[in-house]
Amino acid sequence: DEQTEQENTSGTEEETQSEEPSAEPVVVEFWHAMSGPHEEALKGFIEQFNSEHENITVEPMNQGSYDDLEQKIMAAAKAKTLPTLAQAVTNVVPEYIGNDFIAPLNDFIEDPEIGLSEEELADYVDVFQQSSSWDGTFYSLPFSKSTRVLYYNSGILEEHNLEVPETWADIRNISETVTADGVVGMGFENSYESEFQAILKQLGGTYIDEASNEATFASQEGMEAMTMIKDMIDEGIARTAGEDDYMSNPFGIGDVAMYIGSSAGIPHVASAAEGNIEWSTTTFPTLDGEAATTFAGNDIVMFNQAEEAEQKAAWEFMKFLTSPEVTADWSMQSGYLPVRYSAQELPEYQSFVEENPAYAAGSQQFDAGFFIARVQGGDAVRNIILEEMELILLDEKSVEQGLTDAQERANEALQK
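14 is the number that UniProt numbering gives to position 14 of the sequence shown; each next residue is one higher, with no gaps.
What the hints contain is simulated information worked out from the structure, not anything from laboratory work. Hints are supplied without guarantee of correctness; some may be wrong.
What the hints assert, rightly or not - In silico lysine to aspartate or glutamate, DMTMM-like type, Cα no more than 20 Å apart, as pairs:
| hint | residue 1 | residue 2 |
| --- | --- | --- |
| 1 | K78 | D68 |
| 2 | K416 | E400 |
| 3 | K319 | D67 |
| 4 | K72 | D405 |
| 5 | K230 | E400 |
| 6 | K397 | D135 |
| 7 | K319 | E308 |
| 8 | K397 | E387 |
| 9 | K230 | E176 |
| 10 | K230 | D395 |
| 11 | K416 | E70 |
| 12 | K397 | D126 |
| 13 | K312 | E29 |
| 14 | K319 | E120 |
| 15 | K230 | E210 |
| 16 | K319 | E119 |
| 17 | K80 | E29 |
| 18 | K319 | E29 |
| 19 | K80 | E308 |
| 20 | K319 | E110 |
| 21 | K78 | D67 |
| 22 | K80 | E59 |
| 23 | K312 | E59 |
| 24 | K72 | E54 |
Keep in mind it's a predicted model, so treat the numbers as computed, not measured.
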């Protein structure tokens, strides 16, 4: 139970602290790709951790974008100059495992002194546990996790006496009703392959078969999913972010009545919408009664080039960063999701969500959540499908041709 768990944890912390004075000081280099308010929040947690652990210093190093971070890690692995820890997008972790430079975490998790109890491990949200482990071996811990939510302009819905949408049929109906001069009903981010994947799953199709490492999205279900998105855009009742890059701005100024985007975009929407519109979020629309939405985001990985003392210190920091209090605080500051079930039960988190209901939709979808396929080459597949979808939307290719070409190209990338 929670009380015993708290006693256990405080017990371990006391033991660690009593051992620490004799330990040598350790520096843990931590590479990340957080910027703006997200980076400020992360720095705050690192300062807190450092002040509580006199012999451990975590040094954060911003590496730019996620792509920059990945490239620098690949280069550092070759040069044998990897940091101790890094943030890693879930779908690049297979590359790191395949190249054998990240440390499996099971020995730390199962360690009777510094590990996680069965209750603590079970407290990590199930969909995140699944995405951090391969055949029972954990290679990462979840950190900055997000899901897709539907943002909606409450003023526009009220004006037309419309209910908050729950299904794709509702989305179409609302979009047809509210699209008028200067307002488009529905918006899709430029990264709408996430929506394609979710609709595909709702229809019973698959995107990539992890077991055979093959792309399988150019199916009947795939064609239907792509046609659904394309029809709305062709009819002018939906649009993509296009040159706006992200949908938060057109939505925030009232040009788009609804859009699907990352839950981590909430702070951006809040600043774009301030003084312009009333808005909130709801869960991803269902299709024929089926709920499904993609979860994405970053994990924390530990590199096996680090010495044992560094790895032990890094493990302490990984536990700290994913502890219920810290993940709840991180969620409230960033819009990312709490990675522990108990974090959502904390009184401060619950009152925060009551005051800021837009934050509630993300964690209401844990049961419907699924992760994008974790395969080597997964990132290349994403870029391929976005390129081909663009050609489909421009009517340079039919839906069937575009998806068939995308699948062929994807399978070449996956076989590399």
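Evaluated hints:
no. : hint          : verdict
1   : K78 <-> D68   : holds (16 Å)
2   : K416 <-> E400 : violated (25 Å)
3   : K319 <-> D67  : violated (26 Å)
4   : K72 <-> D405  : violated (31 Å)
5   : K230 <-> E400 : holds (12 Å)
6   : K397 <-> D135 : violated (40 Å)
7   : K319 <-> E308 : holds (17 Å)
8   : K397 <-> E387 : holds (11 Å)
9   : K230 <-> E176 : holds (15 Å)
10  : K230 <-> D395 : holds (10 Å)
11  : K416 <-> E70  : holds (18 Å)
12  : K397 <-> D126 : violated (40 Å)
13  : K312 <-> E29  : holds (13 Å)
14  : K319 <-> E120 : holds (10 Å)
15  : K230 <-> E210 : violated (27 Å)
16  : K319 <-> E119 : holds (14 Å)
17  : K80 <-> E29   : holds (14 Å)
18  : K319 <-> E29  : holds (16 Å)
19  : K80 <-> E308  : holds (16 Å)
20  : K319 <-> E110 : holds (13 Å)
21  : K78 <-> D67   : holds (17 Å)
22  : K80 <-> E59   : holds (19 Å)
23  : K312 <-> E59  : holds (15 Å)
24  : K72 <-> E54   : violated (30 Å)
Checked against the numbered hints given earlier, the structure breaks hints 2, 3, 4, 6, 12, 15, 24 and satisfies all the rest.
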